[in-house]
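Produce the entire structure from the sequences given, and follow the hints as far as they go.
There are 6 protein chains.
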Amino acid sequence: MTILNLGIPKGSLQDATIELFEQAGWRISSYSRNYFPDIDDPDIRCSLVRAQEMARYVADGTLDLGLTGLDWILETEAEVEQISTLTYSKTSNRPSRWVLVVPNASPIQRVEDLQGRKIATELVGFTRRYLAERGIEAEVEFSWGATEAKAVEGLVDAVVEITETGSTIRAHGLRIVEDLLITETRLIANPSAMQDAEKRARIDQIALMLRAALTARHKVALKCNVPAHQLDEIVGMLPSLHAPTVSYLYDREWLAVETIVDADAVRDLIPRMRAAGAEGILEYALRKMV
Amino acid sequence: MTILNLGIPKGSLQDATIELFEQAGWRISSYSRNYFPDIDDPDIRCSLVRAQEMARYVADGTLDLGLTGLDWILETEAEVEQISTLTYSKTSNRPSRWVLVVPNASPIQRVEDLQGRKIATELVGFTRRYLAERGIEAEVEFSWGATEAKAVEGLVDAVVEITETGSTIRAHGLRIVEDLLITETRLIANPSAMQDAEKRARIDQIALMLRAALTARHKVALKCNVPAHQLDEIVGMLPSLHAPTVSYLYDREWLAVETIVDADAVRDLIPRMRAAGAEGILEYALRKMV
Amino acid sequence: MTILNLGIPKGSLQDATIELFEQAGWRISSYSRNYFPDIDDPDIRCSLVRAQEMARYVADGTLDLGLTGLDWILETEAEVEQISTLTYSKTSNRPSRWVLVVPNASPIQRVEDLQGRKIATELVGFTRRYLAERGIEAEVEFSWGATEAKAVEGLVDAVVEITETGSTIRAHGLRIVEDLLITETRLIANPSAMQDAEKRARIDQIALMLRAALTARHKVALKCNVPAHQLDEIVGMLPSLHAPTVSYLYDREWLAVETIVDADAVRDLIPRMRAAGAEGILEYALRKMV
Amino acid sequence: MTILNLGIPKGSLQDATIELFEQAGWRISSYSRNYFPDIDDPDIRCSLVRAQEMARYVADGTLDLGLTGLDWILETEAEVEQISTLTYSKTSNRPSRWVLVVPNASPIQRVEDLQGRKIATELVGFTRRYLAERGIEAEVEFSWGATEAKAVEGLVDAVVEITETGSTIRAHGLRIVEDLLITETRLIANPSAMQDAEKRARIDQIALMLRAALTARHKVALKCNVPAHQLDEIVGMLPSLHAPTVSYLYDREWLAVETIVDADAVRDLIPRMRAAGAEGILEYALRKMV
Amino acid sequence: MTILNLGIPKGSLQDATIELFEQAGWRISSYSRNYFPDIDDPDIRCSLVRAQEMARYVADGTLDLGLTGLDWILETEAEVEQISTLTYSKTSNRPSRWVLVVPNASPIQRVEDLQGRKIATELVGFTRRYLAERGIEAEVEFSWGATEAKAVEGLVDAVVEITETGSTIRAHGLRIVEDLLITETRLIANPSAMQDAEKRARIDQIALMLRAALTARHKVALKCNVPAHQLDEIVGMLPSLHAPTVSYLYDREWLAVETIVDADAVRDLIPRMRAAGAEGILEYALRKMV
Amino acid sequence: MTILNLGIPKGSLQDATIELFEQAGWRISSYSRNYFPDIDDPDIRCSLVRAQEMARYVADGTLDLGLTGLDWILETEAEVEQISTLTYSKTSNRPSRWVLVVPNASPIQRVEDLQGRKIATELVGFTRRYLAERGIEAEVEFSWGATEAKAVEGLVDAVVEITETGSTIRAHGLRIVEDLLITETRLIANPSAMQDAEKRARIDQIALMLRAALTARHKVALKCNVPAHQLDEIVGMLPSLHAPTVSYLYDREWLAVETIVDADAVRDLIPRMRAAGAEGILEYALRKMV
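Going line by line, the protein sequences match chains C, R, L, D, W and Z.
So that you can map any letter, position 30 of the first sequence is 30 in full-length UniProt numbering, and since no number is skipped, the others follow by simple counting.
So that you can map any letter, position 72 of the second sequence is 72 in full-length UniProt numbering, and since no number is skipped, the others follow by simple counting.
So that you can map any letter, position 139 of the third sequence is 139 in full-length UniProt numbering, and since no number is skipped, the others follow by simple counting.
So that you can map any letter, position 251 of the fourth sequence is 251 in full-length UniProt numbering, and since no number is skipped, the others follow by simple counting.
So that you can map any letter, position 283 of the fifth sequence is 283 in full-length UniProt numbering, and since no number is skipped, the others follow by simple counting.
So that you can map any letter, position 256 of the sixth sequence is 256 in full-length UniProt numbering, and since no number is skipped, the others follow by simple counting.
No farther apart than 20 angstroms at their CA atoms in a straight line, the calculated lysine to aspartate or glutamate pairs in the DMTMM-like style are these:
| # | chain 1 | residue 1 | chain 2 | residue 2 |
| --- | --- | --- | --- | --- |
| 1 | Z | K118 | C | E77 |
| 2 | L | K118 | L | E141 |
| 3 | D | K118 | R | E79 |
| 4 | W | K219 | D | E22 |
| 5 | L | K219 | L | E19 |
| 6 | D | K118 | R | D60 |
| 7 | R | K223 | C | E258 |
| 8 | W | K219 | Z | E279 |
| 9 | R | K223 | R | D264 |
| 10 | Z | K219 | W | E22 |
| 11 | Z | K118 | C | E79 |
| 12 | C | K118 | Z | E79 |
| 13 | D | K219 | Z | E19 |
| 14 | R | K219 | C | E258 |
| 15 | C | K118 | C | E133 |
| 16 | D | K219 | Z | D40 |
Source of the hints: derived by calculation from the structure; they are not laboratory data.
Shown next, in the form of structure tokens:
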């Protein structure tokens, strides 16, 4: 039997990833100090791997499949196949982005002003290539963390740092010059594993089920009763992918309508449906949707 | 575009409020040290405000809408419109109440015995009016917290404190004399905002969706299959708001019944339904119900 | 009115037990330092009791009903009626078991090698009987905790300890000789209470609802639309307890199929259903299933 | 025997106060939930009292003696006798001060610009008097905490808040307009208690010993051996209160010098003493100095 | 070389014990999950052992020396030699004692009233013997912890529990009937080890140094300058074990006095010395005193 | 006035460094989120800098002086002047060392066996040079942390990791092949700063005072009274740097002896001194010793 080596990102994404796999159908148990989380699937072997190193180990075949950020795929220039973009576990409503940051009082206004300057970042390779492509010569040095402090303390001229809202950056008297990269989580596979029919089938299954779980997080089922003469108007409001399911109630003046809609749309939809005469409106959560 | 200024109660109610809004259809992201939580609705601006101060800022129009306790509405005598009572995030099955508390050995047995005494409370205004209405003259002083300690230590004769179960009070050798006020969370609006058509529509939408989410917490959907000859008996048991939905199964001896009932009633209902011949009984959670 | 005295296991199982009761239909509120958790049922009185002592208090009638592990039922040889096995709150996918553990370098290879040795365990009675039944004479002493340390430090020759994965044991240079007991949670009742018609009815109700909640954790509802000509093939895939519910959609070429399946089976089922032409596949969670 | 009622400030100063009393010679034991800390002196009874309320209870005689900040003495206008200023438990090298704070972009540049504005502060009484003395009319409202947030969120025009370094204020995009009050901890007594000979003796004893402990924190004992011919030069460097103690060593070419100096001065003194020929320089900590 | 096996009590006494050994001259390093703390003495091997089990392992020779409470020495009736009583790490100023506790409303007023009752305690052996010696027959059962809860919940009639101040007991509506045992920490040795000259010398050394450290915690060195004519009066105040050291200062009108006194006495001594004319009074801490 | 830029190591050494500076005579106040700790010396400006990056910023003159490990000085090959080795804040009695680690079952027995293998480490530069000097070709890749996990999981063949006791390594089924580097903390300075007379004087002062503080941690003052006829024997035991100070007591049969000895030696010294007739032996701690 072929075993699929799966990399689970260690650290800030770990719990959210395990929760996503659980919703998708795999139970992963992770203990402190255990480097091989249990999974209730004999064909998969899990390892906890840092997001920064995931692409490297997927590229060299140590892992067949893994989850990591686009940033670290680009940083390592690892040759991996990108199967799916999976957006989960965001702490805000805004995307994560790597930004060029300088002190408020710095003369640097555009990325071109970095010419001849010193920059600290955890994303050294990407930043060097980004500058080189624009013909900018600058010293880019690796930062072990607390990167923004280096700009505050004047240890460097600028830093390239990840942020969602930018509020910590502003709170320290720093200024965002521009965005260098919008990043999000990707499911990546080893190219040879994708040539192996058995492994590919497992990878496709996992990708399908993870997407089914994520899709279900943004959809809800809506049911309601509508008076027969209002059916068309109310059905017309529903932005359904498929036609809603309509069935007669015992009282033939009323019909039962059931449909799937975007979770985000419901707060505007329910008041309108109600105004149009819908009654007994119910919303149900979904666990998977394909 | 009109922006609605919404006050989210900071502190003990904060997480529960954000969770309620999420169920109702708005995603609020709150970070430490950020005073304006993100909300995924461009027409709303959130501020974190202490429950004690919410009514004051809603009354003077700094906020259009907010959530706070009845206690602080009464304490501040703020002129606000009370839109809805919203009961959520209770840690026990009992209501929160402000009680008059004295040491076990105190001669004080009724509120009238406070004549000439010294009382500490965080709810100074309410307590003073409460006593004045009953013709009792007493010194009421503001307490910055740890109020019950003042009765234990003999710094004052009595305290007016909030409690649910009274167990902490008893554990310190204190005694509840009587309840002064039962409190719960209220959605309140600025009276002028309620005159503005656009703001009012937003407020009504928010109130409707918050209620839809709270109602759904106390209801469940119940499905089961019943033998045709038992239908009337089983349907008779169901305390449904509306008539249940009944449909024939392929096997015409059996019918599928679907209904909405109080979550609390299910533990008594299922044994009776089963005794009456119902099979395949399933309970589903709801996310919204209007 | 007859009051049922119910023991809730204090400690590691406490939160999971309260959560299970909530799903089953009873809201229990537990505060620090309060020994009688509130329950929203006037006929039940809850006490927090250690798992080790539960069977003792159920046997002597202090409690009517309680939850504890099989290990402590056997340890105490308490005369209780075992109503149900309830598997919940496992931190891994593996069962809990009491194992005989020795240092890696120990000459002990089988339980018979314990002859004349010193063993530490929290489960003294069970271990003594286990050895006696096999004709092994050994000194078994009570361990107040940190039991495995005693084998590491050489204070004893072997220990009998509970584990799920054995990883902590291996991490300390210890070796599992054999499993002595697989344990799991049991709902137990006092035999006299089971003779009291009123108490028995309450116990049966609680057992039924706890099982309904646990069953629902391992099942899901699956809905999908299937082309009429693929119906038999797709229905044939579904490992349903009962026949699935099938209904025509407005477009008579398609049918709606609804069924209950094991949650574990879904990750394999959905890819096959999809390959066979099913569309709009949805998974819903259940809260109770009888 | 007369009992002295002593108020220990509850909260941020509590641990530092207990530590100071321990150094001064009284062991106070404080447990969570216990409002009367034990003290190893049968003539004293301790109560934990909030800093904000200490002066009030000392003024009305409920307490004889207490420690609190100058800010709260002024805020409450309590009639108490100020025995001693005690500076301890500072988290920085800078004094605590109440400052007038506005958003960076506010037009308010001086305290006079507050005319007609709304201000939030925990120090309502002091702030009102401060403004009234300068002929400024403004609305000053009580803030239950998180005061600076109110300026950030625009709930008020300005806030009066306590700070040491001002860094949190700047981090939130706020600006300090001016300092209103420098505060520090004071030992305060009830005026009648100071008229009672027995109580006064106890108060004087406590004040003396607390000062002895605090003085010792800023002084050290320095010992060294100096060549006889360098004695005058080295002794001349020592900023001793009293003349240093000088004694001959067995080898009459060398003398032992012992003195008390400011702890702060030592880092500059030792290099100079060494350059002048001193050897075997030792620094000892002191626990009390009178 | 003979190795001395030393048991360090695991748990609540652990940090205080390691700190005491450090003051006495041995540096012990304890890590989580390491059962053999490092010690900077090649002749000693440390093990972490529960206080409850220490006496057992010292009696059977697994350990040569250990620290545990008198309560557990009596409970286990272990044959060990008691070298020293060491009082350290008390959280209050009162001794630890095992007390008989009942609900406030219990008819039990004296230990004799336990006749025929059920008692829970962690100290089963001691309690049984204590009752047997008084001719009281009662059922004494082992409690795994949270013992006082059993009296509150009515699971037993009384409990025997350890306490210092009794405040938790009172807070739960319980009452102390009487003290059964005052306990404190003892240094205990294996009798055979005490016959081994080399081990005995090590044990004596450790006992001497631990006592030297503990003694130093209750003593301080006091220095002051006194006018010659006041010498006798001031020296007369000093409750010195030995005569104080007196030496002439350069100014022959003044003498330097140095002595060792009880730390507790200083708060009364310094005011009197100062009143008698002493100046430059200094207190120094000690690390060891023999 | 010349400002000296001083780098304080951020993270695990931070608190210990601030404590050392306080003992040496400088009070540093560090707040969360503040990158410039306050220091009570107007001539010094502190920055918090990661140990890994300290040498880089000292070498390029951004900092004049800093503290970091020898490991990171070697890793970065930074051109800095090493002023002093400062050993403080060790959690064990053993030195920190970078070790080559492999799984227990690995065929790698010597560093030479790494030929052609893959190694993960945070110390990439040092490891590459170490192998190159021995003619070993291997792939050395940067590890972002949790390095030992990579050997456990088989992501690499070996890791180079820092450890004190090796116990975590053994607990994970790994084996130390050999030590590559013993490291400790160094005070380093920028070479140009050392050419600047003013800066050099400040650096020398800081180095002198830090050493004075560290020396004092390993020494104690010992005082005792000895009978005149035993003086020579007892003085002969004392491993003093300088001759002890001896003075006559009033009773001329006894002499007072005072000396400085290694703290480590005291546990053996006191029993011998006592056996030889010394009395009133006292140990005092030192805060500085030059």
